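Visitor: Now for the letters of each chain:
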Amino acid sequence: MLGLGVDRLQADINRLLASLFHQGVLDEQFLQLQQLQDETSPNFVYDVINIYFDESEKLLRNLRLLLMDREFSDYKKIGLHLNQLVGSSSSIGARRVRNVCVAFRSASELSNRPGCLRGLEVVEHEYHYLKNMMHELFQLEQQRILAAGVRYPM
Amino acid sequence: MEKSGFSPVGLRVLVVDDDPTWLKILEKMLKKCSYEVTTCGLAREALRLLRERKDGYDIVISDVNMPDMDGFKLLEHVGLELDLPVIMMSVDGETSRVMKGVQHGACDYLLKPIRMKELKIIWQHVLRKKLQEVRDIEGCGYEGGGDWITRYDEAHFLGGGEDVSFGKKRKDFDFEKKLLQDESDPSSSSSKKARVVWSFELHQKFVNAVNQIGCDHKAGPKKILDLMNVPWLTRENVASHLQKYRLYLSRLEKGKELKCYSGGVKNMDSSPKDVEVNSGYQSPGKSSYVFSGGNSLIQKVTEIDPTPLASASLSDPNTDVIMPPKTKKTRIGFDPPISSSSAFDSLLPWNDVPETLESKPVLYENSFLHQQPLPSQSSYVANSAPSLMEEEMKPLYETPAGGSSVNADEFLMPQDKNPTETLQDLDPSAISNMKLQEFSSNVTNNTEAILRSLNWELPESHHSASLDTDLDLSWLQGEHFLANTGLQFQDYSSSPSLLSELPHHLWYGNERLPDPDEYSFMVDQGLFIS
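Top line first, the protein sequences correspond to chains A and B.
First residue of the first sequence? That's 1 in the working numbering, and the numbers climb one at a time after it.
First residue of the second sequence? That's 1001 in the working numbering, and the numbers climb one at a time after it.
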């Protein structure tokens, strides 16, 4: 029945979020984001996270281009990009992404190229994991809204 | 009588950050504080906006790392040209960065992620600045037992009868002036209420007079008064000012003894860094002595061109570096040597018995003559000459205001460990955290004591409670963002049982199935709810 649909979706959302918190993928800052959402900006979380995705992907692309370059030597630039990533990841509560970026940054400070390559891989991995989770979350949320809407026909 | 004061509603904030995610979040947060927000992604753009509407903004919040211009440069421009309070932000809480911010005139330095709490109180910076401006204007208007502290003004202003909001700037000024005038009693020179405002010029005269007399033992208030040649000043004014001055100097001495502290600060004793820090200044090279040890301090003083330096903050070497470094350290929550906690106590101004000074006229020059608190400098740094007490207090106060413990260890540590580690695991391995604990209790007590002794009423009393909470929690746990939500957020990662400590409505867990009533409750609490 329709009522159960909403409930079940809600349970799924809760479970997913709980699991993400458990794993340290998300942290308290994410809660802050949710609290900021209100009637005047009903899609706030969604919007912010999408901005984050856009920016992060740009940065990750640049990082990869830099490191793939044979003659690469500009570790400072890597550091700058990483600072940005750290900053924006902390803004949405992407704790694990942030942490691996910090680790990556240390490698870049040591001008350690293999370390940087590894670091980049880890960051990319964590980032994509987060992105997938977020997509799933948004999907569930969408479905829940729909189900809730149907549940109370006017 | 209703207690009202400045209403922060409608405060016009300009946010500058190259990170669009943060820009959006900050905009929302500031709007929730009922501020009027303008956002900007580039420093030059920000300057343009500010210059276009000279009176269009009350406060600027800017990230330190901007792509087109160094955040500190922006800070300087804004401070000098526009005389607006500026708050810096960064993910990076490194001591040197924070100090740089402070030295460039930032009235606060916030660590990202920024909490609502920290944004809610930024209006205080605006208020403080305004009051200082009024005080500068009213400079020589009062008589009384000279006291550098003018917090009194703030407290009285905040208790004033009118509700003043930020829209009416002119009116604010007039109202403040009126209040301040009403409160003072010019006829009674011994009245405790009226105060001499020791402006920079006045203090300058004082110091000159003292130096002229030479050996301090002979420097009596009468002689100083005569030399100063300020007609409306009384002997009592000078006497109390002299007492405070001696206090300050004696603290300097103590400060120098604790060179292990100031010398040990990694960013303070290396000269290449000095040059780097100082290069941003308008008075090139003169301040390079600042971070050196005590002896070189005095040597280099004599090389200094007596023309006042443009940057007050840095040219206040003793005050900034030796005295309040301790306070700054505590603010930053860095690894302080254990001894400095007792040193900190010795810096408490009100409990000190004034000691006889060793004759150090050179030191006087050092610390006072070369200060030039520009009116355009932000409130943090302005009036640094007359307000040494203030300086010490301000860092302490602004620590809680800034809220975030700028704890670099927090950033470094988790790298090497599994990110899913709990805080309990992090703490034992961080010796610095233990020191922080020690420090935090010191600072909390001292902050309160100092503020109370200054008769400084925080505009909203609940702030001080929460500020202390912030201090304690953030420093004890080493993760600043945990402090203020009241959730007592623990790292979820490794202990499922921690979830049980969560407030009920945040329970997502699969440990139990909430029934439909609870669902609607949770729905209302708004996970993603629109």
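Rather than coming from a laboratory, the hints here were simulated on the basis of the structure.
The model shown is predicted, which means the values in this text are computed figures rather than measured ones.
Treat the hints with care, as some may be off.
[Unchecked claim] Calculated cross-link-like contacts (lysine-lysine; reagent style BS3-like; alpha-carbon spacing at most 25 Å): (1) K1205/B to K1073/B; (2) K1032/B to K58/A; (3) K1028/B to K131/A; (4) K1120/B to K58/A.
[Unchecked claim] If you want a taste of the chain A side facing chain B, the calculated C-beta under 10 Å gives, among others: (5) S89; (6) P114; (7) N132.
Quick reminder that beta carbons are idealized off the backbone N, C-alpha and C, glycines included.
Visitor: All hints are to be evaluated individually against the structure, with a verdict given for each.
Guide: Outcome of the hint check:
1. K1205/B to K1073/B: Measuring from Cα to Cα gives roughly 33 Å; hence the hint is violated.
2. K1032/B to K58/A: violated, 30 Å
3. K1028/B to K131/A: holds, 23 Å
4. K1120/B to K58/A: Violated, at roughly 33 Å.
5. S89: The hint holds - S89/A has a Cβ within 10 Å of chain B, the shortest such distance being about 9 Å.
6. P114: violated, 17 Å
7. N132: With a closest approach of 17 Å, the N132/A hint is violated.
Of the numbered hints listed earlier, those contradicted by the structure are 1, 2, 4, 6 and 7.
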